[in-house]
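In case you want the letters, here they are:
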Amino acid sequence: MKKVYCKPESMTDIEHKYCPGCGHGLVHRLVAEVIDELGVRERTIGIAPVGCAVFAYDYWNFDVTEAPHGRPPAVATGIKRVLPDRIVFTYQGDGDLAAIGMAETVHAANRGENITVIFINNAIYGMTTGQMAPTTLLGMKTTTTPFGRDKNLAGYPIKVCELLATLAGTAYLERCAVNNVKNIINTKKAIKKAFEMQKENKGYSLIEVLSQCPPNWGLSLKESLKFVQEDMTKQFPLGVIKDIYA
Amino acid sequence: MKPKESMPKIVIYEQKCKGCELCVITCPKKNLRLGQKINKKGYHYIEIVDLEKCNSCGLCYQVCPDVAIEIWKDK
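Residue numbers (this note's numbering), protein chains in the order written: chain W, 1 to 246; chain B, 1001 to 1075.
The following block holds chain W by itself, in its conformation from the complex:
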């Protein structure tokens, strides 16, 4: 008997504190697998956000630092410029990246920093129990939009990949999901490509991952997987948004 699938070396034994069915743990594992496959564990530095993934440094078995809310791209810029041989990536949610950290995100992308951003888009504020996020879909019910998001009151959901695609500094932008096995495998490929590009000094890359949040959406697991597949992908179409080397 031979072990074919097991916990990657880049993950610790600590149990995740996420809710059952959350996509964060999945993306943590995909990042860890990619780092193992590229053999860069010893020289990887991750930057954890404020939000549900705030304890990411406990789960990864490589160097991870914590940044103030929304500032991981600024911290990553500093680390990458001082230590250019390291693989530097930020791991951010939609509240961190698209709300409070939008300025840092846009400017880091515009400067074309050679970093990788893993962006978890679950269309809601998870850690603070389900308020409206900038990426919340129109008509979606949250605790701060109990009658559904109204475009006259709260505007439209922000498409981060499309927004950053207009900037000359970005090299690779792709949107993926983790709602079924096929999408999970595609997400891993995208994350691997982004890290490889950083290794080759090809510039700024961002992988947006559509992730389910069953407790805060108020849906069962099956319903939330369906919501990602049918509603979220309509607003946020999957695929490569920009690849200047394609």
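One thing to keep in mind: the hints can contain errors.
Unchecked claim - Below 16 Å or equal to it, Euclidean Cα-Cα: the simulated EDC-like pairs (lysine to aspartate or glutamate) are:
hint : chain 1 : residue 1 : chain 2 : residue 2
1    : W       : Lys3      : B       : Asp1074
2    : W       : Lys202    : W       : Asp243
3    : W       : Lys3      : B       : Glu1021
4    : W       : Lys226    : B       : Asp1074
To be verified - Residues of chain B clear of chain W, computed beta-carbon distances all greater than 10 Å:
hint : residue
5    : Thr1026
6    : Lys1029
7    : Lys1030
8    : Asn1031
9    : Arg1033
10   : Gly1035
11   : Lys1037
12   : Ile1038
13   : Glu1047
14   : Leu1051
15   : Lys1053
16   : Cys1054
17   : Val1067
18   : Glu1070
19   : Asp1074
Simulated from the structure, these hints should not be mistaken for lab results. These numbers were taken from a predicted model, which means no experiment stands behind them. Just so it is clear, CB atoms sit at the ideal spot from N, CA and C, and this is done for glycine as well.
Starting from the known structure of chain W, fit chain B onto it as the hints suggest.
Frame of chain W; chain B shown alone:
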């Protein structure tokens, strides 16, 4: 953290499992189910229905958010 079976095809780390049932709806052979027992976090955890039926395809590992599943295969 002890493996559940001594000669496993699939090892379920019951203390890590949160019973989200992603693996249950993904298993092509419908060979996983939510068990009656509760782990120290208070979740019902996943158990395998019939070990003989498992062909180590690894789809349950692919979807598990808590890396609670380990897959073994003959060569």
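Evaluation of the provided hints:
1. Lys3/W - Asp1074/B: 9 Å, holds
2. Lys202/W - Asp243/W: Holds. Lys202/W to Asp243/W sits at ~11 Å (cutoff 16 Å).
3. Lys3/W - Glu1021/B: Roughly 23 Å separates the two Cα atoms, so the pair is violated.
4. Lys226/W - Asp1074/B: Judged against 16 Å, a Cα distance of about 35 Å means the pair is violated.
5. Thr1026: 6 Å, violated
6. Lys1029: 14 Å, holds
7. Lys1030: Given that every Cβ of chain W is farther than 10 Å from that of Lys1030/B, nearest at about 15 Å, it holds.
8. Asn1031: Answer for Asn1031/B: holds, closest chain W Cβ roughly 16 Å.
9. Arg1033: 15 Å, holds
10. Gly1035: The claim stands: Gly1035/B keeps its Cβ more than 10 Å from every Cβ of chain W (closest is about 14 Å).
11. Lys1037: Consistent with the label, Lys1037/B stays out of reach of chain W, its closest Cβ about 16 Å off (over 10 Å).
12. Ile1038: 13 Å, holds
13. Glu1047: 16 Å, holds
14. Leu1051: Correct as stated: the minimum Cβ-Cβ distance to chain W is 13 Å, above 10 Å.
15. Lys1053: Holds, because the least Cβ-Cβ distance between Lys1053/B and chain W comes to about 17 Å, which exceeds 10 Å.
16. Cys1054: Given a closest Cβ separation of 12 Å, the condition holds.
17. Val1067: 5 Å, violated
18. Glu1070: Violated: least Cβ distance 5 Å, not greater than 10 Å.
19. Asp1074: 6 Å, violated
Against the hints set out earlier in the document, violations occur for numbers 3, 4, 5, 17, 18, 19.
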